[in-house]
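Residue numbers (my numbering), protein chains in the order written: chain A, 1 to 332; chain B, 333 to 619; chain C, 620 to 1057.
Calculated from the structure, these hints are not laboratory results.
Heads up, the beta-carbon is just placed ideally off N, CA and C, and yes, glycines get one too.
Treat the hints with care, since some could be wrong.
Partial list, computed: chain C residues near chain A (C-beta under 7 Å) [stated by the list, open to error]: (1) Thr732; (2) Lys806; (3) Asp952; (4) Thr955; (5) Thr1019; (6) Ala1030.
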Amino acid sequence: MTTTVDAGRPTAQKSSRAAGPRRGRPGRSGRAGRAWLPYLLLLPALILELLVHLVPMVIGAVMSLKEITQFYIRNWTAAPWSGFDNYRVSVDVDAPVGEALLHSFFVTVGFTLLSVALCWLIGTAAAICLQDSFRGRGLLRTLFLVPYALPVYAAVITWVFMFQHDNGLVNHVLHDQLHLTDKPSFWLIGDNSFWALLTVSVWRGWPFAFLIVMAGLQNIPRELYEAAALDGAGMWQQIRRITLPSLRPVNQVLVLVLFLWTFNDFNTPYVMFGKAAPRAADLISVHIYQASFVSWDFGTGSAMSVLLLLFLLVVTGVYLAVTSRGRRTADV
Amino acid sequence: MSDSYRSPMAPPRSFLWTRRIFLTLLTGFVLVPVYVMVSSSLKPLQDVSGKFRWLPSGLTIRPYIDIWSTVPLARYFVNSLIVAGAATAGSVVIAVFASYAVSRYSFRGKRVFTVTVLSTQMFPGILFLLPLFLLYVNIGNATGIALFGSRGGLILTYLTFTLPFSIWMLIGYFDSVPRDLDEAALVDGCGPLGALFRVVVPAAIPGIVAVAVYAFMTAWGEVLFASVMTNDTTRTLAVGLQGYSTLNDVYWNQIMAASLVVSVPVVAGFLLLQRYLVAGLTAGAVK
Amino acid sequence: MRSIRAAAVGAVTLSLALAVSACGGGTPTGGGSNDSPKTLTYWASNQGASIEIDKKVLQPELDKFEKQNGIKVKLEVVPWNDLLNRILTATTSGQGPDVLNIGNTWSASLQATGALLPWDEKNFAAIGGRDRFVDSALGSTGAPGKDPAAVPLYSMAYGLYYNKKIFAEAGISKPPATWAELIADGKKIQAKGKQAIGAEGASLNENVHHVFVFAKQHGADFFTADGKPDFTSDKVVAAVKQYVDLMAKDKVIPPGNAEYAQNQSVSDFAKGRTAMLLWQTASANLRSQGMNPDDYGITPVPVQSGTPGSGTQINSMVAGVNVAVFKNTHNLDGATQFVKFLTSDEEQKILNKAFSSIPPVKTAQADPAFNTPETAVLKNTLATSAAALPQVPSESQFETTVGTAVKELFADAAAGRAVTTESVKAKLLKAQQQMPAK
Chain A
1 MTTTVDAGRP TAQKSSRAAG PRRGRPGRSG RAGRAWLPYL LLLPALILEL LVHLVPMVIG
61 AVMSLKEITQ FYIRNWTAAP WSGFDNYRVS VDVDAPVGEA LLHSFFVTVG FTLLSVALCW
121 LIGTAAAICL QDSFRGRGLL RTLFLVPYAL PVYAAVITWV FMFQHDNGLV NHVLHDQLHL
181 TDKPSFWLIG DNSFWALLTV SVWRGWPFAF LIVMAGLQNI PRELYEAAAL DGAGMWQQIR
241 RITLPSLRPV NQVLVLVLFL WTFNDFNTPY VMFGKAAPRA ADLISVHIYQ ASFVSWDFGT
301 GSAMSVLLLL FLLVVTGVYL AVTSRGRRTA DV
Chain B
333 MSDSYRSPMA PPRSFLWTRR IFLTLLTGFV LVPVYVMVSS SLKPLQDVSG KFRWLPSGLT
393 IRPYIDIWST VPLARYFVNS LIVAGAATAG SVVIAVFASY AVSRYSFRGK RVFTVTVLST
453 QMFPGILFLL PLFLLYVNIG NATGIALFGS RGGLILTYLT FTLPFSIWML IGYFDSVPRD
513 LDEAALVDGC GPLGALFRVV VPAAIPGIVA VAVYAFMTAW GEVLFASVMT NDTTRTLAVG
573 LQGYSTLNDV YWNQIMAASL VVSVPVVAGF LLLQRYLVAG LTAGAVK
Chain C
620 MRSIRAAAVG AVTLSLALAV SACGGGTPTG GGSNDSPKTL TYWASNQGAS IEIDKKVLQP
680 ELDKFEKQNG IKVKLEVVPW NDLLNRILTA TTSGQGPDVL NIGNTWSASL QATGALLPWD
740 EKNFAAIGGR DRFVDSALGS TGAPGKDPAA VPLYSMAYGL YYNKKIFAEA GISKPPATWA
800 ELIADGKKIQ AKGKQAIGAE GASLNENVHH VFVFAKQHGA DFFTADGKPD FTSDKVVAAV
860 KQYVDLMAKD KVIPPGNAEY AQNQSVSDFA KGRTAMLLWQ TASANLRSQG MNPDDYGITP
920 VPVQSGTPGS GTQINSMVAG VNVAVFKNTH NLDGATQFVK FLTSDEEQKI LNKAFSSIPP
980 VKTAQADPAF NTPETAVLKN TLATSAAALP QVPSESQFET TVGTAVKELF ADAAAGRAVT
1040 TESVKAKLLK AQQQMPAK
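I would like the entire structure built from these sequences, with the hints used as guidance.
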């Protein structure tokens, strides 16, 4: 740690110079001379990604062009090629399979947007609240990570327990104690299941945003706040003008991965609803699981996955383009 | 370290009140399910599924004794520790190298690398299951390294699953460490790796710890791959917990008790790591 | 840029090469061998109260087998949640156990994969012949007209469990034998402030098991003789409606049960909140929930006429577990010997007693242990009035689509929406359209 302390001092003074245009390309010959070094550093990651992620994805893409039902899974190289039949079935929105997929897609988009927004809001707010020290801060910080530390299965099962119609805590409070509803509501079936799923997802997800934002807050130089305070900026203005803009690089990645994970989250809906989710909470990952594992049709399941991959690629591309442009102008 | 480092002025009233109300509500939201778990874990089985009451009538510690014999909880726990620990260590080290390369060097294929790595997060995880299993079986047949059914295969899987986010996140954290720091180290005669480990890594400790926590929790909680790739002796906790719910019986109280028991060490680990989460670059500035 | 493209091309080529080599997984033509005659791997399903208890039951028997035959059996008890996925991955990769348990309703689906050893006359002869097994259990081992893909191991059937005390309080002297009686009794019970009958409205399997029986009682089937789905015939619609109407119209199933999928109806019954329950072998479960065996009785599931039998008097599905041999086994003879061992009279008695199921082997059934009032009812049901779920390759899709339809109908009923012949038919039509087109 001493290195940091010693080296940290001059930095703050020189920081105006550091923001020059030399980003990412250190000029010293010692580094520039070793062009192979970055590749060497990337090599382990590259090999693993190729083996565990990319090859299975390619296999998945190949599977999507085949008819892989229970008759062929045993030796699926011999399964007949079906061209784009699996895709045609998946996108034919006039037929039940395509219609169900489209519906599931919309549910997932709505669910994901809400869940990510709430997770990010709560996580960031909590991280900012815990930035200053006060009595009990350490305790709260640990407490807030508890939902993240509980095994998924246990956490979701507990919520299912609480959402029960007859015996659950939620109806006990809303109906028996607060008398907000005329009769107990159903949370695990019917339209309310969407909100129940959202609650569980936010409960489990926000501590992660909290964790990442909290780590990000540590890198904001104190001098910025001091300068702002001298300029007469109040607490709220400091948060708006310094904290949030400084978090942008962290947020860019955080929001993106939260989006991707929530979109593809399997564990929460699966533990909550099992193999068949209510229509209002029919998330796409469970839908695809049902299409492939439960219906034993891995070709169609793979086709749906490839479609999803394409959609998310586009979304990510647009997102990165927009946020990166905003970030560059903000830097200037 | 414990004093406020942000503003020399006292925060305004409005902020304090908003904070108080918000944190109280949030604490309630977090704690209610935890309370339900604790109270259910202390009830006999026939009481658990009854009408919810805030105060349980009869308490018993029986579930906390039974959990060890219903499933081999201790073995699952050790398996989970090994798998999650090894995957975390591997993931962090490999991600640190990769992120350092991306953050500090410009080279051909950088963009392709980062985007490709990110794209792996867009494929539904369940569809990796069969191809990955096939791959592991074939590697096993070709080389004799047993990857399926062993902890090694699971470690490799989780390690890779957590890499993309770890790399992306660490690139961000490394970018925010001023370049002057490591250039100064290079001037002092450190090699690039020396600069990485003596300067950049210490300065990015909060980010690295956050990424490590993420990697650990991902490996700790993953259910689907673990359920297919493990057997009786290598099964992890996340899957093992489902052993309390059998075809005809669901031991609610034991599920809750076991979840709490296995979560205590994890939360304790969080507690220990806390000071690193909030130390780091700013630690230098405070002094 | 050129090098990037070259790298990308290289990566894709490598991936494809790996992908293709990865396909060599199963040995498609392999019919098993005897390469390792001294060991066997056995995947057992979870039959008892917990995995650990199952191991304690099975291990001594495996030791006995080792002593008799010199073959060491490596046991793994696989939780039900994981069993089918494990079998699927084993099938795809060719890397699986030698002997395994399967849910008997999966028989036809797994048979279609060709991964399981067919039990032809020769193989059956090696374990003492087909005739040793009860017919109804044999009916759930694969598609009709094909050699069975598995051999029955444990059998179960549905019965109507009723709470004696609540019945007495409501002035009911004998348990209902027809659905009309059940509804009438239900009204009397509700007048005393208790719930009449429980159901797992959100459990796909339970829903399918029940509507299958109702369809039989209406003289209808979900599949045509040549295996095509036929969910929307008037009789099937009427059958499904009759089941859902127990909640929607007759109101003997409480609306809250529409969301049950975790055996909550069993614990309601054990706690004396509901008076009746349709379940398969619930006794062990009820005991662990703290219910005294003297407090409840068991009687056959009602039929329209009052006397269970064949045809439209069917009152249960054939539930149970089969044992199968994985075709890729390296110890074919050992695997057959092991199945013979598991289905021997002695082991059948020991295992079925331990798991409170019923032996599908005729001679083992004669043991007095299977003559308790509960097992007698279930045994009799199996022998005379139980039918196997459709033995078609798309059975698991059938369970999912129809089970979901019934679950949604229950949700409608619970929310107070009308359940009409049209709405039932619409849901079933949607279910049928989601079946694989064959």
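Verification of the hints:
Annotation: C/Thr732 was flagged as interfacial toward chain A, and the flag holds, the nearest CB pair being 5 Å apart, inside 7 Å. Taking 7 Å as the C-beta cut-off, the interface hint given for C/Lys806 is violated, the closest approach to chain A being about 21 Å. Using the Cβ-Cβ criterion of 7 Å, the hint placing C/Asp952 at the interface with chain A is not satisfied: the shortest such distance is roughly 23 Å. Interface hint status for C/Thr955: violated, as the beta-carbon distance to the closest one in chain A is roughly 21 Å, over 7 Å.
The beta carbon of C/Thr1019 is positioned within 7 Å of a beta carbon in chain A (closest approach about 5 Å), and the interface hint is therefore held. This hint holds: C/Ala1030 has a C-beta 4 Å from the nearest C-beta of chain A, less than the 7 Å allowed.
Against the hints set out earlier in the document, violations occur for numbers 2, 3, 4.
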